[in-house]
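Chains A and B, in that order, are what the protein sequence lines are.
Numbering-wise (our numbering), the first sequence opens with residue 1 and increments by one.
Numbering-wise (our numbering), the second sequence opens with residue 507 and increments by one.
The reader is advised that the hints may include incorrect statements.
[What the hints assert, rightly or not] Capping the alpha-carbon separation at 30 Å, the derived lysine-lysine pairs in DSS-like fashion look like this: (1) A:K138 - A:K17; (2) A:K17 - B:K523; (3) B:K900 - B:K1002; (4) A:K489 - A:K394; (5) B:K610 - A:K17; (6) B:K900 - B:K995; (7) B:K1002 - B:K644; (8) B:K523 - A:K104; (9) B:K704 - B:K900.
Quick caveat, the hints were computed from the structure, so don't treat them as lab data.
Note that the structure is predicted; figures quoted are calculated from it, not measured.
Protein chains: 2
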Amino acid sequence: MSAPESPAYTELFDHLKHTALLGSCAHLLGWDEQTYLPSQGAELRADQMAMLAGMVHERTTSPRVGELLSQLEADGGLGDETPVSANVREARRTYERATRLPQKLVEELSRVTTLSQQVWIEARHQKDFAQFLPWLEKVVALKREEATAVGYGDGSPYDALLDDYEPGMTAATVQEAFTPLRNELVQLVQQIAGSSRKPDRSIITRAYPVDAQRAFGRQAAEAIGFDFSAGRLDEAAHPFCSGIGPGDCRLTTRYDEHYFPQALFGTLHEAGHGLYEQGLNRDDFGTAMGHSASLGIHESQSRMWENSVGRSREFWQHFFAPAQRAFPTVLDGVTLDEFYRAINIVEPSFIRVEADEVTYNLHVMLRFELEQPLISGDLPVADVPVIWNETFEKFLGLTPTDDAVGCLQDVHWSAGLIGYFPTYSLGNMYAAQFFNAAQEELGDLDEQFARGEFAPLRDWLRTNIHQRGHQYQADRLLEVVTGETLSHKPLTDHLKHKFGQLYGFE
Amino acid sequence: MSAPESPAYTELFDHLKHTALLGSCAHLLGWDEQTYLPSQGAELRADQMAMLAGMVHERTTSPRVGELLSQLEADGGLGDETPVSANVREARRTYERATRLPQKLVEELSRVTTLSQQVWIEARHQKDFAQFLPWLEKVVALKREEATAVGYGDGSPYDALLDDYEPGMTAATVQEAFTPLRNELVQLVQQIAGSSRKPDRSIITRAYPVDAQRAFGRQAAEAIGFDFSAGRLDEAAHPFCSGIGPGDCRLTTRYDEHYFPQALFGTLHEAGHGLYEQGLNRDDFGTAMGHSASLGIHESQSRMWENSVGRSREFWQHFFAPAQRAFPTVLDGVTLDEFYRAINIVEPSFIRVEADEVTYNLHVMLRFELEQPLISGDLPVADVPVIWNETFEKFLGLTPTDDAVGCLQDVHWSAGLIGYFPTYSLGNMYAAQFFNAAQEELGDLDEQFARGEFAPLRDWLRTNIHQRGHQYQADRLLEVVTGETLSHKPLTDHLKHKFGQLYGFE
């Protein structure tokens, strides 16, 4: 009798699928909270979410799960790197992490991060870090407790947090890739700043009617293959993609009439996440094989469609004519190349989510630089604004004018998401490595984009990444797909080539 | 120690509130299913809903609930007609009904009605009752089983079904009110048909732009007091109001560019339901005191705002000028009276949901006439089309041209909602009785409407009906508020007066 036919396997995965189904209800409620919930419904929603989270946690930590896992592991015969062994491996990882966290800590984290997000909103609004300080201190203290509870072997406490978002990844590995990446990027930013070519930014800040943006963004998402019969596109203040479950994946974006890139590239970004979710095997819902491999791998998909595809010249060889039809008054008389240069302006700025393809990773690395000593205890929370600004100056050559555009700009810390930021830049590096592998196998990707053909890349990603679910950890998946280990080089090569051409110094 | 302070009361209502919170998650998912769910997400949604329904049922029938109820009832001291006694009474009623239904019957009803709704859609589309017949036979058989399981004392099996929607109501009481109502209405319809006055229907079938309808409908819902900070208005194929829970009540409507009354009166109707939900005491969520009294009382609120208010001449004294501004091309040169007559055209037609204020109740009574013998077993399901058409001819003087506009028009039977229809006409009768009581107490309601003042009526309803929740059963609430028992007379007096004036025979 093979493992998948054993009663223990069946019982375990019936249990986990039921838990996932309960989680999918919470995902829908979470989506609704960000899109359509009336303001007075916030309290009810908090109660609903807390209840569902409690029920999911109870099911996740049920002792029966531990018994079944031990039985399956003792029985053996799971195979090496098989889907079945991956399902058991991840069920074990999830169970271990959940059971190591004391119920009291889980509840305290939930309570404190809910409240601290409210304080953060107000503090950012008032540009007043002092208001947020006691709450950030509480969050950091609780996350340090979490790291201790989870454990981190010979590594650093930061590893225990990172592992929640990027299973198996360590701070040391991240650091190894980030250091050369940063050096190359700082130099590239300086080269670009020194270039005499100055693209015309006004092209993308003219009045682009929101209704036309909405239709154009949907058209682009459809073109790259997002299936609207199994998904939606709505508006949210903080855009996201939510894979509710099989057949239901929801994207959000936001529209700024006077800043064209925001909604369109945001839509392509979220649609990239969405293609991953839609590419997972429906029947594997509730198991590792039906789940994404990591946040970094997820981000590699969104960044690839946003940047490698959406900000390429070839994409616009195909889409610029439709864009001119969609926005006739603003794009009349603009050439393809002027437009291409405008959507690829590189310029150090304060806000991460508005940063260009080159400077973006510097924003991420700054956060990684601060998070590690915060969690090790080497950086007192009160010193965050000073260190933030110093590091910002070092990485980007600018000093934030206030904390609202400095260390108060992101929601993550107030929400307890420490260890999450590195996955953004890991995603960018993975994306470049995956893209090279795809290019090698599929040939003239650029020419395909110019003809409006996105199916070959999408299908390649589906086969090589999406349908593999969480069969492998991220580093192993990278190896299986590209034959390489994590490297900054494909990303910096791409950026140096692209922006060297754009700014005339290649 | 009074009952509300006893540990049993606390434990029971903590349990019931938790169950209600779980139910509120299902309500949100149900709303989403009708508004925004992508088509491929239907299977996941069915699984989610079945899971939540199962969990709610399990909590509802928990033996501990029975123990706590028995303890509270034995302790006594609940008081007479107090909120506490109402909470215990309704908890007992819900518990009894739920525990009397065998789990197998509950599951079979859920399975059969889910499938039979699919068959019904197809059968209606193909105008083919034969296709639906075996499924309707199954549904009727299961509903008969349900009636037997629930029990009905000395009454009829139909009582057991009716009681689910209109607690305490019996078929005999409904019949007693319906018989004179029908006689009066049949006569009134004939008088109207004989009138030489023929309103200009073309006024309401011109092109009313949907965007303008949307804005105008929202404006009207806001004017009568629907609070959009605690609710929403969206679109759905089959409009409804869903009270998700405290602070979150969602209305839906549908737009027909060439039939103005549909969206607007639909919106006022659902907003009437919404005002009831928004008028319930937030703190009583999960108890009888925080719940509507019955579907009939609910319908009295929607019908009052739709008809007594929305289709009154005074409402349009206030709203016709805004309507002319919102729809300048179609309403240019139309007088208030021409418009008022057009939105109040009485004309027998096949479809219940499109029927006017006078003929609507005849549609409802036709269904009541058929449902009783279906449940008693006196009417074979196969005979439904013939009996439907005969009765339709008798009540409305028309014979349906096919079953799609005849016995296949409503979703209710396929969904197992037998015993539900009477609540629509009960609602109309209650509405007329409540409205007279309000008028007596508040004086010149008509003049208030003409000035655009709807707060006095709304506040009166809030105090006298909404905030009382389910303290009383419907008949007792009617008595407490109006001093009367159920009667058709206020409704027929209103209709005879209004349409006598409109059609010139009063």
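To see whether the hints hold, each was checked on the structure:
| no. | hint | verdict |
| --- | --- | --- |
| 1 | A:K138 - A:K17 | 35 Å, violated |
| 2 | A:K17 - B:K523 | 27 Å, holds |
| 3 | B:K900 - B:K1002 | 20 Å, holds |
| 4 | A:K489 - A:K394 | 22 Å, holds |
| 5 | B:K610 - A:K17 | 23 Å, holds |
| 6 | B:K900 - B:K995 | 22 Å, holds |
| 7 | B:K1002 - B:K644 | 42 Å, violated |
| 8 | B:K523 - A:K104 | 23 Å, holds |
| 9 | B:K704 - B:K900 | 24 Å, holds |
Hints 1 and 7 from the earlier list are contradicted by this structure; the remaining hints agree with it.
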